[in-house]
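> Single-letter residue listing:
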Amino acid sequence: MIQLTHVSKQYDQRPALQDVTFEIGKGEFVLLMGPSGAGKSTLLRMLIGAERPDHGEIVVHQKNVTMLKPSDVPYLRRKVGTVFQDFRLLPKKSVFDNVALPLLVQGVSSVDIRRKVTEALRAVGVEHKRDQLPAGLSTGEQQRVCIARAIVNGPVVLLADEPTGNLDPSLTSEIIELFKLINARGTTVVVATHDPLVMAQVNRRVLTLSQGRLLPEQRVME
Amino acid sequence: MRTFSYLLRESWINMWTNRTTTLVAILTTTFTLACVGVFLLLYVNLRAAAGWLQDDIKIMVYLDERLGSDSVAGVEQHLRGDRAVASLLFISKEQALGEFKAQFPSESHLLDGLGQNPLPASFVVALSQAFRSPDAVKRWAERVRQVPGVAKVDYNQDWIDALATVVRSIELVAIGIGVILSAAAVTIIANTIRLTLFTRRDEIAILRLIGATTSFIRIPYLLEGAVLGALGSALSLVMLKVMYELFRQQMRTTGRFAGLENLMAFFPPSVCLALVAVGMGLGFAGSFVSIRRFGEAKA
Ligand SMILES: Nc1ncnc2c1ncn2[C@@H]1O[C@H](COP(=O)(O)OP(=O)(O)O)[C@@H](O)[C@H]1O
Ligand SMILES: [Mg+2]
Chain X
1 MIQLTHVSKQ YDQRPALQDV TFEIGKGEFV LLMGPSGAGK STLLRMLIGA ERPDHGEIVV
61 HQKNVTMLKP SDVPYLRRKV GTVFQDFRLL PKKSVFDNVA LPLLVQGVSS VDIRRKVTEA
121 LRAVGVEHKR DQLPAGLSTG EQQRVCIARA IVNGPVVLLA DEPTGNLDPS LTSEIIELFK
181 LINARGTTVV VATHDPLVMA QVNRRVLTLS QGRLLPEQRV ME
Chain P
1 MRTFSYLLRE SWINMWTNRT TTLVAILTTT FTLACVGVFL LLYVNLRAAA GWLQDDIKIM
61 VYLDERLGSD SVAGVEQHLR GDRAVASLLF ISKEQALGEF KAQFPSESHL LDGLGQNPLP
121 ASFVVALSQA FRSPDAVKRW AERVRQVPGV AKVDYNQDWI DALATVVRSI ELVAIGIGVI
181 LSAAAVTIIA NTIRLTLFTR RDEIAILRLI GATTSFIRIP YLLEGAVLGA LGSALSLVML
241 KVMYELFRQQ MRTTGRFAGL ENLMAFFPPS VCLALVAVGM GLGFAGSFVS IRRFGEAKA
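Chains as they are written, first to last, in this note's numbering: chain X, 1 to 222; chain P, 1 to 299.
Among the hints, erroneous ones may be present.
Just the calculated beta-carbon pair ranges, DEER-fashion [to be verified]:
(1) 186/X - 9/P: 30 to 40 Å
(2) 169/X - 201/P: 28 to 38 Å
(3) 173/X - 8/P: 55 to 65 Å
(4) 19/P - 200/X: 48 to 58 Å
(5) 54/X - 201/P: 25 to 35 Å
(6) 9/P - 128/X: 23 to 33 Å
(7) 271/P - 54/X: 51 to 61 Å
(8) 19/P - 91/X: 12 to 22 Å
(9) 139/X - 187/P: 55 to 65 Å
(10) 14/X - 201/P: 46 to 56 Å
(11) 200/X - 24/P: 54 to 64 Å
(12) 293/P - 91/X: 19 to 29 Å
(13) 54/X - 238/P: 24 to 34 Å
(14) 35/X - 201/P: 22 to 32 Å
Treat the hints as calculated values from the structure; they're not laboratory data. Using N, Cα and C, we set each Cβ at its ideal position, and we do this for glycine too.
Please model the entire structure based on the sequences and the hints provided.
This is how it looks when you write it as structure tokens:
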């Protein structure tokens, strides 16, 4: 599903990623760990074509992201859902409209939008807030809306960058449970975090970055 | 359908959010395009006038003083046989004198003092459509001058030519001003769109992340630019029309240039539509410029 071969990236001559090679299979749940500045966000941005590596090759969902034409990037992103620490919801649009956005940009019909958005909101448990503005929601609920928006398309991969960075421990475990649920339905999930609490909760495969290098992997058995 | 109404709504929200800037942009565009419009209107009217005068051109073929009536008939025969001639009117020496006296009553004693009538007989010739261009008139006049019995061929081409020169200069000025002010309109709209893009940059980033295509992201802004341009252009036409009617009113009440106010014309509807389309195009171009710059800054 995701394949990196000898990927390197520098910012102003400072390496952000160095010779990173790994593969994530379909349906896996992977944690991308490492301290702040290790290169986790850079790596996730590369997976959706928001950043290009200086060297190496990235394949996501059978598409060579490194060779992707800029005009094809949107179509990749429709297959890859993204969740952020800061939620990135549109403040002036209702919860419903926020979640509907990925469908709207693809020209999905009104009926299908209604059905899929309702499904996604139900899946993350904020269906009752559908007509509110994001500002009227708690941070946990906002993160759930962000996740609903990421899965409303039925993506093959879900990427989350520090999704619990703004949440307290009890909310963190709720959100992690949600990711597990989404993963159980067949979506490949990659969560980047520096929060050891998340690792304790997840207990799955962990990729660790340190100063842009991938550390040798230790399989965690359930 | 939903997507389309979303894009329209986004456009509207953009304009409403920055409504002061939007209004200023529309009004500035209005005044800018109205300036171009004034010259265009002047140009259109003067060109039409030059056309009418050229179409209305009468050529005076003066006959030799000593010509007998047989020879007059000969010249008439010649002219009637010429396919360039559309109509012909004979003015005898007496008629010419009568006309002169009627037109300049105070000067008629000058002719009385001469004892005999010094005015020549003449034919007033109107040429047929195909022979009314300045060149054709000139060539025809030179040919007829050679006809025996013809003393002189005269026509008021000089000041028609002068008018044509004026029309051509106004055309150049109109093009020059049009280009400069159109560029100004594009810049004004480009700046407005840039502001909108700036206020919505976070939203644009989000749209990119969730897989919106470049064209989907651009459409509301292109639409906004097109609407600004079209509105500015339409308002400038309204302004011009009001000015034009006031001017005609003024001419009618002062009574000067009597009748001229009826010859003046405003742009026909098709031209008005075309001008609105041009305004729309300018607005479109303005937003395109801003979007391109914005896109490059992001990349
Ligand atoms: N756009 C950028 N410009 C310059 N340097 C950057 C940029 N993005 C990230 N970096 C640098 O790359 C390194 C990795 O950053 P990042 O991927 O954000 O790490 P993490 O998400 O693990 O905290 C850091 O040293 C950071 O300063
Ligand atoms: Mg980060």
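> If a hint holds in the structure, say so; if it does not, say that too.
Verification of the hints:
{"no.": "1", "hint": "186/X - 9/P: 30 to 40 Å", "result": "35 Å, holds"}
{"no.": "2", "hint": "169/X - 201/P: 28 to 38 Å", "result": "34 Å, holds"}
{"no.": "3", "hint": "173/X - 8/P: 55 to 65 Å", "result": "43 Å, violated"}
{"no.": "4", "hint": "19/P - 200/X: 48 to 58 Å", "result": "52 Å, holds"}
{"no.": "5", "hint": "54/X - 201/P: 25 to 35 Å", "result": "27 Å, holds"}
{"no.": "6", "hint": "9/P - 128/X: 23 to 33 Å", "result": "25 Å, holds"}
{"no.": "7", "hint": "271/P - 54/X: 51 to 61 Å", "result": "57 Å, holds"}
{"no.": "8", "hint": "19/P - 91/X: 12 to 22 Å", "result": "19 Å, holds"}
{"no.": "9", "hint": "139/X - 187/P: 55 to 65 Å", "result": "44 Å, violated"}
{"no.": "10", "hint": "14/X - 201/P: 46 to 56 Å", "result": "26 Å, violated"}
{"no.": "11", "hint": "200/X - 24/P: 54 to 64 Å", "result": "58 Å, holds"}
{"no.": "12", "hint": "293/P - 91/X: 19 to 29 Å", "result": "26 Å, holds"}
{"no.": "13", "hint": "54/X - 238/P: 24 to 34 Å", "result": "58 Å, violated"}
{"no.": "14", "hint": "35/X - 201/P: 22 to 32 Å", "result": "30 Å, holds"}
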